[in-house]
Amino acid sequence: MDDYSRPNPDELLESIKKQEEIGKKGKLKLYLGMCAGVGKTFSMLQDASREVGHGIDAVIGYVETHSRHDTEFLLFHLEQIPRKQINYKGISIEEMDLDAIIARNPKLVVVDELAHTNAPGSRHTKRYLDVIEILNNGIDVYTAINVQHIESRTDFVSNITGIIIKETVPDTILDMAYEIELVDLSPDDLLQRLNEGKVYTKDKSEKAIKNFFRKGNLTALREMSLRITAERVDRQLRDYMVENRINGPWKSGQRVLIAISASPSSSQLIRWARKVSYTLEASLVALNVETSKILNVEDKKNLYSNIELAKELGAEFISSADEDIVKAIIRTARKENVTDIIVGKSKRKGFSRFFSKDIVKSLIEESGNIDIYVVSEDSEDNRKANYKFPVPQSGIYKYLFSSLCIIVAAGLLYPVANYIGYQSVALILLFVISLLPLYFGPGPVLLASFLSPLIWDFFFVPPHFTLAISITEDALLFVLFYIIAIVSSILTTRIRSKEILLRKREENATALYKLANDLSTSVNLDAVIDAFTKNIKKIFSADAFVMLTDDNGKLQNSPLSISDKDFGVAQWVFMNKKIAGKFTDTLPEADMTFIPVQGPRGIYGVVGIKMNSKSSSYEEENFLNVFVNQFASAVERETLSNAANRSMLFQESEKLYKNLFDSISHELKTPISAIIGSTTLMLDKNTVLSEENKIKLINEIHTGAERLNKLIENLLDMARLESGRLAPNFSWYDLHDLFNISIQKLEGEIGDRKIMKDIPENMPSVCIDIGLMEQVINNILLNSIKYTPVDSVINLTADWDKEFIYIFIKDFGDGISEEHINFIFDKFYRADKTKTGGSGLGLSIAKGFVEAHEGSISVKNIDKGGVMFEIKIPNKNLNKPYEK
Amino acid sequence: MRNNFKILIVDDEIQIRRLLRISFESINYEVCEASNASEGVLECANRKPDLLILDLGLPDDSGINVLKKVREFTNIPILILSVRNSEKDIIEALDNGADDYVTKPFNTGELLARARVALRHVHSINNEPLLKNGNITVDVSTRIVKQGKEECKLTSTEYSLLLLFIKNAGKVLTHQFILKEIWGMYYSDETQYLRVYIAQLRKIFEKDPKSPKIFTTEQGIGYRMVLIEE
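Sequence order for the protein chains is Y and A. Taken in order, the first sequence gives residues 222 to 1105; the numbers are from the working numbering. Taken in order, the second sequence gives residues 1179 to 1408; the numbers are from the working numbering.
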């Protein structure tokens, strides 16, 4: 096989990816026309009706018929989603109902006028964003657009027609389109339609023909739309060639870099670059070099919109900081494997050219094997119109204060001027000026450097109190003073601003480090959230509202509770995993900006940031994103460790359950086995049993039944305790009776053990539920019996004081090991598992019953070996009939 | 066949031990007891019983471990007597060398019968070329299989399977065990193979293959070839 005909795996993957993506999302069909009236809406509706005829579920999302009859006629066949009324400043505006369309979930929706700007209060600022959301929901869209609204073409259209186009759609929409259908009409036909009043009403038509619809304009626009379609067809052909392994002339791996600045003419450059990169089939990288030059508000806005434009046009944006623009460009270009660089032609004229090196020249010198395109920028008058005098950044008092510094210095020097000579005064004043940039901005420093030579000349240079200079040397000194003062102030200011920039960088790095540190030392999710909000507050002086998902994966409102409207926006962000809210294009009416909290494994929630102003630089915005990313990974870490803990807990409880199940089934089944085993043997016809064995078997049956009975009683007691409905039936009893009954019941179990009772002579009677208390003593005695030798002694004694009645049960066994003693009253806890029998319920029931008497029970090992249980219940003898 | 077998009972419940002692002594077996795992292994080694009856839930160690230890030094039949009745527990015990499994509560008559089967099985294994269960005979030297006087035609896999069953007549064989023995260890999860071949054996030997009396199913565990009384 010819190696060269094999498609590049990356290319193939790309085309497969493209197809998969298209499969998931809805398909976009774009009806492109050169201008209004060519019949876009008509052909779109015609196609949609045909689809309906084929059984496709197609609806109208938004169509403007402009009262054109043939178009209106087509609408009758199609279902229309009712429009939404939006109230804006008292005016009701009709907009497409995005939610209704998504809820209706048709196969295909028709949306007219893609470039439309939505009324304030809509979810997205632009309709094309609505369309993207519809597509993301898997619904196909037919939409129409005129060529002049396509971002990269607006300049040309403005140039040709002289009309500024405000409603634009990014070029990426063209790439998203599955199909572009050109709706074409010759200019003559269009003009005829206009004249016939088919497009606009008669009077409007005449006006339109004079302005926009001139034949020259139309021809140019037509050429443009044909060209776009041709480019598109060309691209499709290439895609086809890739997919079908047809070897073609495509060139891959090209990468175009464009340097953008705050200049308004940059936007033109960006559009041009986009066109070049599209035809080269190269990816586009936009670079902004941040220098220490402080941008004014206007420039910042320009830069920001240029960056946005570049991103809209599908460029990858990179920001780099360097004083040397050329170096930064070359460095980034090499790092990003850029093959071509596009720059604007420098327009600096006259004087300034001698001072700084021309950027284009230096770029060409240093670019090596990278191609450089130089593009002419905007016309000069446009540039002038946008030029503004630099607005002073420092307050007026700073100017006053810097001047005052010089005046004070001069005042102090005046008395000593005669001794040190006025030349030294000049040096000292220069020294003061060199210090000023430490405290003041460039403006005040310049003012001071301007003032000081004058003051020096006026007060110190003879003749005094005139600006006249008598000696030529002094005149020379004066000029030098001027030059040195101004140059040194400029230089120091520059160093200073560089330092400020560096410091800001370092601050950012430190802030990030601190956040990372705070997040990593947070022990739980709440601490993570707390650390994050505190850091946001400190660095961005903004409030952060963290909303995370609950166990069901639903977004929960912040505990600080934000408004329903804002929470709705947060939910949108959560669903769509995109930034939205204030200062963005999506749902800008919200009170804050919402950023999704996304980790590599998914989305964990949304953060709302309440900022007062839009981030001033792209870097700052980026910095905020880095912050949120850090937070997201911390949240992910906590969520994962929570999940791990939960699964461990689950395993533990599974184990516990199994133990419990084993123990209960063992306890229940052993006596039943004895009973069934004995009876089946007695009933077995093949076995001959002696009388003696028969009696033994009957005894086994009896023992088993007794044991079962005891267990069931225990379980029932436990259930009574658990239900909380245990109501003791109190009455007065003599302790002797209680002890006697308890011991009697144990006759079968005691064996040769001796139970020694000891009750003081003057023991008062006790107020107890005799049934419950008997169980208590019974259970404790049973426990002692089980863990002591057959012939040992068990002491059962009592005592009393004003407040309590005490009952002690003491045995002389081996005692309970320290690791178990704290748990022996726990349900189902068995200290010594090697001893058989016992459900681990007896002592726990005893404890429950004692507590029902408002008493307490405790246990301790005694010195001689063995354990002592102590039961303590309130002495209810109010009149205290016996004295101790 | 001798009649005075010696039985070792390992169970932590004295009541169960007492009951089993009465039961086995009534058919003239000699009975000895152990109440925990370590004692059980020791008694088994010292007293050399003919049959071990073992509880799985022992206080000091699991019955499975006793099973493993005992299997290191003896081949005597071991009968598990336990409250645990999950398929998982039963399979684990059988795979670790138990011969049969009876769950508590149990029918004593049946337990005694199972014990007899286990004992007879051990004492009938010899090197005779003719293996027998009821009227089914397998001549290992000639590979001729007969039911009564009629010769049965078997494929080679069916023959191996029958041989395995008849050698272990009366015992439950787990799916895994059978699969490993016949098809090799890589097939130990392919229970559907087994189902097909068991159905074929039933078609050949059972009077009514739909309600099998010879090759019975132990639900979720395996199959047993019942010992046929002559």
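If you're looking for bench data, these hints aren't it; they were derived computationally from the structure. Among these hints, one or two may not hold up.
Said to hold, decoys possible - Computed footprint of chain Y on chain A; a stretch qualifies when at least three of its residues, placed anywhere within it, have a C-beta under 8 Å from a C-beta of chain Y: (1) 1280-1289; (2) 1349-1356.
To be verified - Pulled a few chain A residues facing chain Y out of the computed Cβ check, cut under 8 Å: (3) Leu1197; (4) Ile1200; (5) Ser1201; (6) Ser1204; (7) Ile1205; (8) Val1261; (9) Gly1398.
None of the values given here were measured: they were computed from a predicted structure. Glycine included, each C-beta is placed from N, C-alpha and C at the ideal position.
Cross-check of the supplied hints:
1. 1280-1289: holds (count 8)
2. 1349-1356: violated (count 0)
3. Leu1197: holds, 5 Å
4. Ile1200: holds, 5 Å
5. Ser1201: It holds, given that the least Cβ distance between serine 1201(A) and chain Y is near 5 Å, below 8 Å.
6. Ser1204: For serine 1204(A), the interface hint holds, since the closest Cβ of chain Y sits about 5 Å away, which is under 8 Å.
7. Ile1205: holds, 7 Å
8. Val1261: holds, 4 Å
9. Gly1398: Violated. Min distance 19 Å.
Of the numbered hints listed earlier, those contradicted by the structure are 2 and 9.
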